[in-house]
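Position in the sequence shown (from 1) plus 8 gives the number in my numbering.
In short, the hints are calculated from the structure, not lab data.
Just so it is clear, CB atoms sit at the ideal spot from N, CA and C, and this is done for glycine as well.
Warning: the hint list may mix true and false statements.
Within a straight-line C-alpha distance of at most 27 Å, the following computed DSS-like cross-link-like pairs (lysine-lysine) qualify [to be verified]:
{"no.": "1", "residue 1": "Lys130", "residue 2": "Lys78"}
{"no.": "2", "residue 1": "Lys120", "residue 2": "Lys150"}
{"no.": "3", "residue 1": "Lys120", "residue 2": "Lys162"}
{"no.": "4", "residue 1": "Lys14", "residue 2": "Lys130"}
{"no.": "5", "residue 1": "Lys170", "residue 2": "Lys120"}
{"no.": "6", "residue 1": "Lys150", "residue 2": "Lys129"}
{"no.": "7", "residue 1": "Lys150", "residue 2": "Lys162"}
{"no.": "8", "residue 1": "Lys130", "residue 2": "Lys120"}
{"no.": "9", "residue 1": "Lys130", "residue 2": "Lys162"}
{"no.": "10", "residue 1": "Lys170", "residue 2": "Lys130"}
{"no.": "11", "residue 1": "Lys78", "residue 2": "Lys14"}
{"no.": "12", "residue 1": "Lys14", "residue 2": "Lys162"}
{"no.": "13", "residue 1": "Lys120", "residue 2": "Lys14"}
Simulated restraints, written as ranges between beta carbons of each label pair [stated by the list, open to error]:
{"no.": "14", "residue 1": "Asp159", "residue 2": "Ile111", "range": "32 to 42 Å"}
{"no.": "15", "residue 1": "Ile55", "residue 2": "Thr79", "range": "17 to 27 Å"}
{"no.": "16", "residue 1": "Ala76", "residue 2": "Asp152", "range": "39 to 49 Å"}
{"no.": "17", "residue 1": "Gln184", "residue 2": "Asp152", "range": "19 to 29 Å"}
{"no.": "18", "residue 1": "Trp26", "residue 2": "Pro193", "range": "29 to 39 Å"}
{"no.": "19", "residue 1": "Thr195", "residue 2": "Gly171", "range": "37 to 47 Å"}
{"no.": "20", "residue 1": "Leu118", "residue 2": "Thr62", "range": "11 to 21 Å"}
{"no.": "21", "residue 1": "Asp80", "residue 2": "Pro40", "range": "16 to 26 Å"}
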Amino acid sequence: MASNNKHEYLENMGRPNWPGPVSLNSFIYPEPAEDLEVFLIVIHGQIPRSGTFTSRDQHWMFQWNLGATKTDGSLVHRRLHIVQERNLMGQGDLNHLTNWGAITVAEGSLTKMYGAYILLKKMTPEQRMEFETISNGTRVRKPDGNWNCQDWCKTVLETAVKGGILTQADVDRVVQRAEQVEPRPYTR
């Protein structure tokens, strides 16, 4: 399926024929009515024992805090990102990325330990809703060996600039900082 810009995109946002990730109940963890800080998060990748590693090998995503869980007080976030599904339903790894749409999750240890939080801006509830709509509608390219989650995030950001949610200066600042995040050293 060809599309504009001579890139090929996956149908259905790359969603495989199995259930998507579990999102926490939005009635229990609703979107707050106040302005919230929205972050671009870079998960510090780990340098391999051998081979090369660049900033392009680190995972990028967007996230904001919705509050805390009722049980143990863990932070609850609204998260926007694309992922590579790994060996689900016995079908093996998929060779492409998937946009499942926005999900509500409790903060995981990986994000807590290795996430570099870069403030995008404080957004109103309406801006967050529009930002989420943009991300949910941002398509996923077919694998080409280059395009990844960082390119997807940049597309979301560019669309948010066109929609008046962000300024180009906001985007330039955040992308520059994200590209400078250092990976974790190799450990056994």
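Here is how each hint holds up against the structure:
Proximity of Lys130 to Lys78 is assessed by CA-CA distance (about 25 Å); at most 27 Å being required, the pair is judged to hold. About 30 Å separates the Cα atoms of Lys120 and Lys150, which puts this hinted pair outside 27 Å; it is violated. Distance restraint check for Lys120 and Lys162: the Cα-Cα separation of roughly 23 Å lies within the 27 Å cut-off, and the hinted pair is therefore satisfied. With a C-alpha separation of about 35 Å, the suggested pair Lys14 and Lys130 falls outside the 27 Å cut-off, and the hint is violated.
With a C-alpha separation of about 32 Å, the suggested pair Lys170 and Lys120 falls outside the 27 Å cut-off, and the hint is violated. At roughly 31 Å between alpha-carbon atoms, Lys150 and Lys129 are farther apart than 27 Å, so this suggested pair is violated. For the proposed pair Lys150 and Lys162, the alpha carbon gap of about 17 Å is at most 27 Å, so the pair holds. Proposed proximity of Lys130 and Lys120 is supported: the alpha carbons are some 21 Å apart, at most 27 Å.
A hinted pair counts as satisfied when its Cα atoms are at most 27 Å apart, and Lys130 with Lys162 qualifies at roughly 18 Å. In summary, the hint linking Lys170 to Lys130 is supported, as the alpha carbons are separated by about 18 Å, within the 27 Å threshold. For the suggested pair Lys78 and Lys14, the alpha carbons sit about 48 Å apart, so the restraint of at most 27 Å is broken. Between Lys14 and Lys162, the direct Cα distance comes to roughly 18 Å. Compliance with the 27 Å bound is thereby established for this hinted pair.
In summary, the hint linking Lys120 to Lys14 is not supported, as the alpha carbons are separated by about 38 Å, beyond the 27 Å threshold. The supplied range of 32 to 42 Å is broken by Asp159 and Ile111, whose beta-carbon atoms lie about 20 Å from each other. Distance hint for Ile55 and Thr79: a CB-CB separation of about 36 Å, inconsistent with the stated range 17 to 27 Å. A C-beta distance of roughly 41 Å is found between Ala76 and Asp152, which places it inside the suggested range of 39 to 49 Å.
Between Gln184 and Asp152 the beta carbons are some 24 Å apart, a value that agrees with the proposed interval 19 to 29 Å. The given range of 29 to 39 Å is respected by Trp26 and Pro193, whose C-beta atoms sit roughly 36 Å from each other. For the pair Thr195 and Gly171, the supplied restraint of 37 to 47 Å holds, since their beta-carbon distance comes to about 42 Å. A hinted range of 11 to 21 Å for the beta carbons of Leu118 and Thr62 is consistent with their spacing of about 20 Å.
Checked against the hint of 16 to 26 Å, the pair Asp80 and Pro40 passes, with Cβ atoms roughly 20 Å apart.
The structure is inconsistent with the numbered hints 2, 4, 5, 6, 11, 13, 14 and 15, although it conforms to all the rest.
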